[in-house]
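So the sequences go chain by chain: A and B.
Going by the working numbering, the letters in the first sequence line up with residues 7 to 1001, in that order.
Going by the working numbering, the letters in the second sequence line up with residues 3 to 392, in that order.
In case anyone wonders, no lab produced these hints; they're calculated from the structure.
Among the clues, some could well be false.
[Unchecked claim] Subject to a maximum C-alpha distance of 25 Å in a straight line, what follows is the list of computed PhoX-like cross-link-like pairs (lysine-lysine): (1) B:13 with A:402; (2) B:356 with A:465; (3) A:423 with A:389; (4) A:930 with A:883; (5) B:297 with A:389; (6) B:333 with B:354; (7) A:213 with B:93; (8) A:465 with B:259; (9) A:213 with B:151; (10) B:297 with A:260; (11) B:313 with A:250; (12) B:15 with A:402.
Since we're looking at a predicted model, the values are computed, not measured.
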Amino acid sequence: MLGFGGQTALNCGVKLDEMEALKKYGIRVLGTQVEGIKATEDRQLFKDSMIECNVPVLKSKTVYNFEQAKEVATDLGYPVIIRVAYTLGGKGGGVAHNEIELHEIVTRGLNASLVGQVLIEEYVGHWKQIEYEVMADYDGNNIIICNMENVLSMRVHTGDNIVVAPSQTLDNHEYQMLRSAALRAARHVGIVGECNIQFAMDMDSDKYVAIEMNPRLSRSSALASKATGYPIAYMAAKIGMGYKLPELVNRITKTTTACFEPSLDYIVCKHPRWDFSKFELANRNLGPTMKSVGEVMAVGRCFEESLQKAIRMLEIGNDGLVANRKQEEVYDVEEIENKLQKPDDKILYHVAAALKQGISVERIYKLSAIDPWFIEKIENIVKKESELKDGELDVKLLGTAKEIGFSDKQIGRIVGKDDMEIRKRRKDLGIVPVVKRIDTLAAEWPAQTNYLYMTYGGKSNDFEVNSTNEKVAVLGAGPYRIGSSVEFDWGTVNMVWGLKENGVKEVSVINCNPETVSTDYDICDRLYFEELTLERVLDIAEFEKLSGVVTAVGGQTANNLTPKLAKNGIKIVGTSFEDIDRAENRSNFSKVLDDLHIRQPPWQAFSKLVDAKKFALKVGYPVLVRPSYVLSGAAMKVVWSEEQLKKYLEEATNVSPDYPVVITKFMLNSLEAEVDGVSDGKNVVIGAVIEHIEGAGIHSGDSMMCIPPWSLSNKIIETILEYTNKIATAFKIKGPFNLQFLINANQVYVIELNIRASRSMPFVSKFVRMNLISLAARAVLGKTLPAVPKDRWQKIHSYGVKVPQFSFMQLEGADIILGVEMQSTGEAACFGESFYDALAKGLMSSGYALPREGSVLITAGGSENKEKLLQTALLLKSLGYKILATEHTAEFLSDKRIGDVEVVYKISEPERKPNIADLLYERKIDFIINVPSTSTLEKYVGMLYDEYQIRRKAVELGVPVLITTELADSFAKTLEWLRNNETTKKPLDPYEKFD
Amino acid sequence: MVRVTEIPTKKAKHVGKFGKLVLEDGTVFEGMGFGYSTKVFGEAVFNTGMVGYTEALTDPSYSGQILTLTYPLVGNYGVPDPASKDSDGLKTHFESERIQARGLVVHELSQTASHWNLAMTLDEWLYEEKVPGISGIDTRALTTKLRTKGVMMASLVVSENEIDEQEIMRELAVAKKYNDEEFMDVVSVKEPQLYGTEGESVVVVDTGVKNAILRNVRRLGYKVVRVPWNYSIEKILSYNPKGVVLSNGPGDPIKCKKTMDTARQLIDKNIPTLGICLGAQILGLAGGASTYKLKYGHRGQNKSCIDLENKQVYVTSQNHGYCIDPESLKKTDFKLWFSNTDDNTVEGIRHKEKKIIAVQFHPEASPGPFDCMFVFEELKKLIGEENAKR
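Modelling step: build the complete structure from the supplied sequences, incorporating the hints.
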């Protein structure tokens, strides 16, 4: 089955077919055949097949070099769009308005494409972007699961677009015309299972073209599944096995057929989550290359409600489209008109701002290419805000505000009241949301499943919760973002199962991420596809009459709600709110550590800048600055100078006003380790001690890590375990926890405690074959943990390595230098017989090419780094790699008697040859070791532009860049290991059961 | 910057009125009235289609009914020009000359409509056609009620003033029931109408025919003669038709006695005939089967039917409250052709010997998917066989 593992699996399958590996081993492809996959993946073949089945396409031509591209572009007329064959998420494509841009994009695209071809095409950015999800079986039965409309037209990649389902601006004729075209296209290319097809549709007529087809489960199909309640992947798998659509049963009604088209009686809004703020130089503009890292889906009974819910779900600090804590920036008409033409992540706020400035809907539409219907709906929100400012908060005003998605916080902010006051007022007036089911067929048949959402667009609940059973809700983690990804989804799902195993009768999940398993309606008793806000969780708690809430597995999102829920009388299942608070509050936490005689880097809490400055001067820069309750270094930063401190503190206090700022000495040249574990308050189960491969200072989410520790002494490990025991019992932890350590000059320092599931827990659980969250489920319920030997993890004689995955390619302009701000968007974990076995697999899995021969470019800043790289350079030399280096590095290497180093010149000196830029483009550099001086310093004091350019170009061309001395060393040793060894291939053992 | 053309956008006008929907069982739904201020009585039904309100409202099969749309956002793309006609003089965008449903019930009437093909807003159209509409209704709650209790009589009142629901309830109690109403004289043409001048003729017996049926028969290349529902077989044969279509329409098929007589003759004379919806029920009754009323009907665009001859499944558009009893079919010369995959109701029948076919769903779609257009080709095939025989 090739259609279930995204583009990666699809590419892999095509390769296997081309190598004739499938034929050799007699392996059949189930579902869409490779021919069909090729007919959709290769641009020219796609175009040809669409024309064959009478589906119009854009005029375009495939080219293999820039000269051809130029000719085609001149022929079609600028602007043109460049699309890359066989690649991920529009990677490497772009819109060119002139020849210079064309050159840039085509060169990059040809390099990114597995087959060295790109497509030059007419650009229809202002057309509507409509998608259809098709299911088909071997017998030719085919249906549409869902259609979707992109609010931001064709200008923006659907992954970065705000998407509604079903389409809102198509009439019956258009809807059915595109539907028929989708079915025709799917049948023609031989889709069996699922596919997504994307159309562009003229705003001004019923002209349309097919843009592309994905012959696989995609982010869009996950969204379509959640938006309709139709389990697309499940059905596609059955179809692959040979079932016919009419033989399958609708999993929601359990009586009607799966061979039907879902009918929605709500509107779904998908909103992407971007994390641009983590990348200082990244270009925030949205276009044909996807830049978002996650998404949320909101369900409502009108567009305004869905949209405002979606914005809250993003957890970017906004409570809706208007009336947010952070004042909207003020622009003049010219500025705002410019911003409407060039959409970025704030485009809808700009639409609202334009409306407030009195710019007409028509003008906004013309500039933004957003359909007037959506703009009018946004205007409803803007108008309601001003009504709330002036009006009496009576039933009518409050009720209509709630109907179009205003939160209590927004309303409170507008009228100058606390959100809890608004909550009380509206409840007194009888304004409460109702619970509705998502049932695939608009209530036409009885639904057996409890897939739920809440809305103010209705008068009565679909059902009532009447049982007297114990009821627990598990809070999920919200959207994927940098620092919170599928790990917390794993945690949520395993917690649900664990609670059920331990006798909780009714377990609900609250979450809003359509990409997750925790939002599958069949993993729990009741799924609330809802906001993770205090207001909504309280609404659900009241409706459900919950016994308690688990906040320990939903990452920082759920954790942040803990104090607020506790203050509102909701029982926190697991570690008590008071104990969590003692750990989260930096001052209290550090005090406990002092009492336990556990070392920690010098720290202090501040609410005044003057005191902070004094402290920083005393301990010496750099210092780590963080407000309480942070996620993934979101508001945490290494500060190198007083000026930076001042600037940052002003921002940080703005981020989180309720909590003081803590400043800690940042210890350079340290090792970093962590422990994942579970405690019941008395007994502590150690998952494992994990050591980071890079030195401290790189965010734990961005560093490679290894179990067992590869360099720590037994004595240090003993200390770590001892500290862990002391801390877990001191904080009376009942559930999962993660503890982080620094090791400096053979001393162990505790730097952070998280009383919740951590990012590394699935990795640890799989490595030690012990499901930590299953154990945590017992602990949160107050049950005693089984006795597990504390050295269990040490007795496993294999290695586990976790390697982060970055997406710098998609973020135009972003630099790949890592720091305490987490930047990775995913990870790969690999196991092996030896450290290098595991690491080799980990590197390959996360996309590093491991060249067996070739050239390496070494460029290092500062003599210390150069010294550290000496051994690595020697090793590479002895392995036969040709070494290229910039002037100073080359000089240093020659001094150290490493001969035959070729001097190359900086990108900023293009006249000097051989130049790095040329060599990169000519593929004469296979990998790069580029370590900036004193690791992170340059990034913060001021970027060395040239080094940045090297890294950026390399990323764009897919050449591995190693940016720390530790990584370079491991990489070189892995290459050495691969000379004489092959990576192992073994199945993963199941979890061990503990009673 | 790329040129972006203007899109017509219009604001709702006839809105903000008092509105109440009162059901036979005493349930009262209060909302915002729109369209025309009036009081109507009819059978409350729901349709689960997500697009196509202009087509649905003008479908004569909705005569006598108050239509609830389960999709909550309605009126987004407004209403195209009612004056627009095709070369046959049929309204381009509508299924008949006027709105046929007695009233419209929605969750949210879009206060703005925008679409390149827009001429007016939904409320404006309803106002001009003197039809009331109500929005702000929990249509999911209403649908659930109709699903569990079955369709029932209702009154929809739109007014400039406060509405007295007690009085409405009293009137509703004595209002003529949908099942007892005579629709044929209202929905059928009074005199035959001709569409096209070239080619062989197909007669369409109008029991409330949708324009899309006429268009599809025309598309097959035939001249269409549309005749009144009670036209005798002699008069029909006087046009020398190569085939006959018995159309869709409202109400209980048992009330179309005269059409049933015609159908019986068509079977006897083995004239290639296609029945659609009500037409299918009439053919079934003529062939000796019986019909019954469904609890809450089939109204939507997502209904899957299996073609029992080749096991292919099609997504169909449906709008019917009555259907053929599958048990009763066994004693007739008809065999089951299509069956509903959800509840196994009869969706199509084919005569065992004669050139008579019928479908319960709407192959002409409008609104709905085009997947079953081939049913019209089936009629053409039957006519072709007949011609070849001669």
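Results of checking the hints against the structure:
no., hint, verdict
1, B:13 with A:402, "holds (22 Å)"
2, B:356 with A:465, "violated (54 Å)"
3, A:423 with A:389, "holds (20 Å)"
4, A:930 with A:883, "holds (17 Å)"
5, B:297 with A:389, "violated (44 Å)"
6, B:333 with B:354, "holds (12 Å)"
7, A:213 with B:93, "holds (22 Å)"
8, A:465 with B:259, "violated (44 Å)"
9, A:213 with B:151, "violated (45 Å)"
10, B:297 with A:260, "holds (20 Å)"
11, B:313 with A:250, "holds (10 Å)"
12, B:15 with A:402, "holds (21 Å)"
Violated hints for the displayed structure, listed by number in ascending order: 2, 5, 8 and 9.
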